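Hints in hand, dock the two standalone chains.
Listed here are the chains, written in short residue letters.
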Amino acid sequence: VRRLLPLLLVLSVGLCVTACPVWAQDAPKAPVASSQVKCPKCNHENRASAKFCVSCGAALNPANCPRCQAGISPDDKFCSQCGLDLAKGKAPVDGVTEPARGTQDPAIVEPHYPSLSVGGFGDTTFSGTGRGTSRYFNIGQQVLHFTSALGPKTHAFAELSFTPRSDAGTGTPPATGFNAEVERAIVRLDHSDQLKFSFGRYHTPINWWNTAFHHGLWLQTSISRPEMARFGGQFIPVHFIGALIEGALPTGMLNLNYNVGIGNGRGNVVSRGGDAGDANSELAWLVNLFARPEQVYGLQIGGSVYQDKIVLPNGGPQYRETILSGHLVLQKETPEVIAEYAHVDHKQVGGPTLKSEGYYVQVAYRLPGLYRTLKPYFRYEKMGIPTGEPIFTGVPCLRGSLFGVRYDIADYVAFKAEYRDFRRRPGPSITGWFGQVSYAF
Amino acid sequence: MAVCGLLAALPLSYPASAEAVGQRKDEKKGDVAVVVHPKVPVDDLRMGELQKFLLGDRQYWDSGKTRVTLLIRAPVAHERDVVLKKIYRMTEAQFRQYWIGKVFRAEASSGPKIVYSNESATELVSSLPGSIAFVEVSQVPKGIKILKIDGKAPGDKGYPLQ
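Quick mapping for you: the protein sequence lines, in order, are chains H and B.
Here this note's numbering is used: position 386 in the first sequence is 386, and no number is missing along the way.
Here this note's numbering is used: position 15 in the second sequence is 15, and no number is missing along the way.
Keep in mind the hints are simulated off the structure, nothing from the lab.
There's no promise every hint is true.
As the list claims (entries may be wrong) - Straight-line alpha carbon distances no greater than 35 Å define the calculated DSBU-like cross-link-like pairs of lysine-lysine that follow: (1) Lys65(B) / Lys332(H); (2) Lys382(H) / Lys102(B); (3) Lys157(B) / Lys332(H); (4) Lys39(B) / Lys38(H); (5) Lys145(B) / Lys38(H); (6) Lys52(B) / Lys332(H); (7) Lys145(B) / Lys153(H); (8) Lys39(B) / Lys153(H); (9) Lys153(H) / Lys148(B); (10) Lys102(B) / Lys332(H); (11) Lys86(B) / Lys332(H); (12) Lys85(B) / Lys38(H); (13) Lys153(H) / Lys152(B); (14) Lys152(B) / Lys332(H); (15) Lys38(H) / Lys29(B); (16) Lys85(B) / Lys153(H); (17) Lys153(H) / Lys142(B); (18) Lys157(B) / Lys153(H); (19) Lys102(B) / Lys309(H); (20) Lys332(H) / Lys29(B); (21) Lys86(B) / Lys153(H); (22) Lys113(B) / Lys153(H); (23) Lys332(H) / Lys142(B); (24) Lys102(B) / Lys38(H); (25) Lys52(B) / Lys153(H); (26) Lys157(B) / Lys113(B); (27) Lys142(B) / Lys38(H); (28) Lys157(B) / Lys309(H).
Quick caveat: nothing in here was measured; it's all calculated off a predicted structure.
One chain only, chain B, in its complex shape (with noise of 0.2 Å):
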């Protein structure tokens, strides 16, 4: 009875996190768009290598010229919910143990970059060479760079970051 009423009193949830208590469904959030420095050299990805170059796997673009710099919304925004769970398919804290597991295989010197608002975002992608933001297509603005997923543009049907 003891065991019993320890378990039931074991807190079996994590503490509240976006995707545990919902973000409410009645709300229309628009694409993630992937908005890159203008020098990245590429136009178009595939999902499977956005999600090399997220999960630390690949850390270049053009052959090694530019290191990629990851920069992910902190938690709780939209961007970062769509990211996690169509780009890495993992939980917050499955995100996290991905990080500290690569970083102590040196794999990675360090994880990605957390950004706190898509202003700074878009605005740390225009200077930072090599950058790689996630911001909601309606926030993003003239002059950045966004890149196609498997050939479809934000807004396009079937892009896959909505």
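Looking at chain H on its own, in the form it has when it is part of the complex (with noise of 0.2 Å):
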């Protein structure tokens, strides 16, 4: 009977595809049939209770199912319980390739140079009724990203973005539906936790959640960005291209890291980092700090401070531009809490400085048991740039907040419903609803 109750309740509920692996565990163990067990490296014939070849040395095989637990005969071919497939190895439930029975290939789990891994995120968002908004479904963006150990100390990682147009088909040529950007490519060498050295186009650490999430929507778990942070914005350099240093600072228990980095700033459009040089002679350098304490499990809290040199087109004036930043992340769901604030000072060479402010506090909580895939959440956000910036000639003054739910349809498929309520000036304002689907792959 107990053998049996696992499978009818899964077939009962027609769940056998996800829920055998986990029903089968407590499956009793089924008895070897055979009363000697043949060695797979060297056909010697082994007492039944071996798990060691006596010839050869080599492991025998386990009686059980690598996968489940549940006991197998040497002659099965798939296990009873869960489905694997004993002899190609392959898991027919869920497509992850399993090894074959008996132990474990080193090969398998030994790193090898290149090895090229590839993942990506998408999502498509449908922007509801309101004030300042139309009704309209936009595929967002695509993302493709690389990532490939080259040596034991040494790595490489890519990313590709594809975003769509609202141009596309127009003009002489006619423009493509969506535009491809490298956003990020980055190689790494480490010399210990302590001192890594990074070269290439990076998310600017100077922001949580533009390093944290960036692309990846499905990581987050709003469907928009914080105005500070958003695509294309000017409020932060998003994008910096140079060299970093990072590691962690034998602090014990405190565990702080640090980034410290040098390269372009802003480029000749302020919201693009200088992909083929800086648009100035002088670079632009960070530094930041964070701390991940042992005692608070989760927490997150750091610093940074960015300067660059920003020199406007045609001749125009020039400025230092500071940037103060500091953030405190629980990254533990029950509760998440994102808070973040950046100050960017722009001192005219020989003129008056004018200073700007944003930020924003984030609160989420998946919800227990038989909802724990929703999790609700709530956002306040505010930024205030002074009339007649001239650099953040794009950036509204914005105060407002939005709450949502995220409903976790899949492990890698996430659908998220926000209202958003928002006033910026200049207009528009926003009020209304939106929804996204968005995934990892």
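In structure tokens, the structure reads:
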């Protein structure tokens, strides 16, 4: 009865695909039929109780399914409880490749170089009706990221995005449907945990949201990014092209880490990094410190300084840009708290200093029990830009909040619904409902 | 009403997981030992240090000489449940999302390696320099190096990985 009950239950609810391995865990182990076990390496017949071959020392077949631990017979081709293809090492239930029975081949686990793997993110967003919005679907950025270990201490990372264009098909030659962009390209060389060097194009590590989520909309709880870190935004330099030194400082339980970088600052277009070179002769630099104290699991507190020189085009005035920022993040989901602040000074050479600032606080909570696929959230944000700011020409003064719920439909797919009420100056203000399906692959 | 019907039809819980279905309460499981390659230059770790290694925040032993290779049992294994609950403090879904994010931020080139049996775990730990795995203490063969956690060995009162 104990052997059949799980199978009957699984069949009755039609969830065999996903539930079988879990139920099977409690299944009693079937006896091994043979009184002797043949060594898979040298074919020597060993005692049934032997774990290793007495002839060649190779490990013998385990009597249990390597996936669900249910008992298996040497003649079984498939696990009777979870359906694992024992001969071919394939898992028919969820597509995860597993090794053939017997001990695991070290080659599967041992690192090999280069070891390219590819992942990605995508989303489709629905904008609802309301003030400042119209009703439409929008296919969001489709993002591919490539990562590869080039050696025991060397890694490469690249990220490509494909963004739909509203002017597709217009112009001569006609504009393409999507804009391709190299978002990041980084090669990192590790000396130790305390000292790591890297070069390339980064998400500037002076804003937590910008580095933690950026194009991975599935990773973030909400649909939208905070205004201070939005795609194509100007408030902080989203990308940084140059070199970084990073690592951990020997601070024990405080667990202090650092990033120090030098590189091209903003490009001629303020919202972009200087990919083909700096827009002026002075490089930008940054220092970022953050602590993940062991005493409070999931907590991260940090702050950073960024400085650059900005020269407005056509012989315009020069400015010294200084950004001070801080963040406090509780990365657990019960609750999740993200709070960030940034202060931007633009000091005109021989002139006045214009001060801008922005902050946001987001709180979310993963519901318990049967409702654990649901995660309600709320965010308040505010940005203040002085009138006549010459560099932040497209950055609004903003105050508003949003609330919503994230529903994890499956392991790698989330649906989010969100209501926003934002007052912007200059407009338009935004009030309305939004929906999004985001995924990782 | 239609919305209510739709909500009622939504699968509000993930597909069955070990945590959700629950292992049999009356089934006594042993302590989970932290086993490492014999040349790993530590004998005792604080729980906070172990968390840093498993979270990928520390990726090297002995000042960068040896890279850490994390070996974690596949889902539904008792050892995996203990590691996720006591060290990561995450659910399966949170664990997957954590490592996708870690790789996406270019902080690691891959997540932990998956092993499918305790025999494989102990065999790999013996052969792969810098490797660390988690095995129920009764299934650890002789000669395998076991780390103490917060000064306690498996079987000691107050050992954290139970």
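To see whether the hints hold, each was checked on the structure:
| no. | hint | result |
| --- | --- | --- |
| 1 | Lys65(B) / Lys332(H) | holds, 32 Å |
| 2 | Lys382(H) / Lys102(B) | holds, 29 Å |
| 3 | Lys157(B) / Lys332(H) | holds, 29 Å |
| 4 | Lys39(B) / Lys38(H) | holds, 33 Å |
| 5 | Lys145(B) / Lys38(H) | holds, 30 Å |
| 6 | Lys52(B) / Lys332(H) | holds, 16 Å |
| 7 | Lys145(B) / Lys153(H) | holds, 25 Å |
| 8 | Lys39(B) / Lys153(H) | holds, 19 Å |
| 9 | Lys153(H) / Lys148(B) | holds, 28 Å |
| 10 | Lys102(B) / Lys332(H) | holds, 15 Å |
| 11 | Lys86(B) / Lys332(H) | holds, 14 Å |
| 12 | Lys85(B) / Lys38(H) | violated, 39 Å |
| 13 | Lys153(H) / Lys152(B) | holds, 32 Å |
| 14 | Lys152(B) / Lys332(H) | holds, 27 Å |
| 15 | Lys38(H) / Lys29(B) | holds, 31 Å |
| 16 | Lys85(B) / Lys153(H) | holds, 30 Å |
| 17 | Lys153(H) / Lys142(B) | holds, 32 Å |
| 18 | Lys157(B) / Lys153(H) | violated, 39 Å |
| 19 | Lys102(B) / Lys309(H) | holds, 32 Å |
| 20 | Lys332(H) / Lys29(B) | holds, 28 Å |
| 21 | Lys86(B) / Lys153(H) | holds, 29 Å |
| 22 | Lys113(B) / Lys153(H) | holds, 17 Å |
| 23 | Lys332(H) / Lys142(B) | violated, 38 Å |
| 24 | Lys102(B) / Lys38(H) | violated, 43 Å |
| 25 | Lys52(B) / Lys153(H) | holds, 18 Å |
| 26 | Lys157(B) / Lys113(B) | holds, 30 Å |
| 27 | Lys142(B) / Lys38(H) | holds, 24 Å |
| 28 | Lys157(B) / Lys309(H) | violated, 60 Å |
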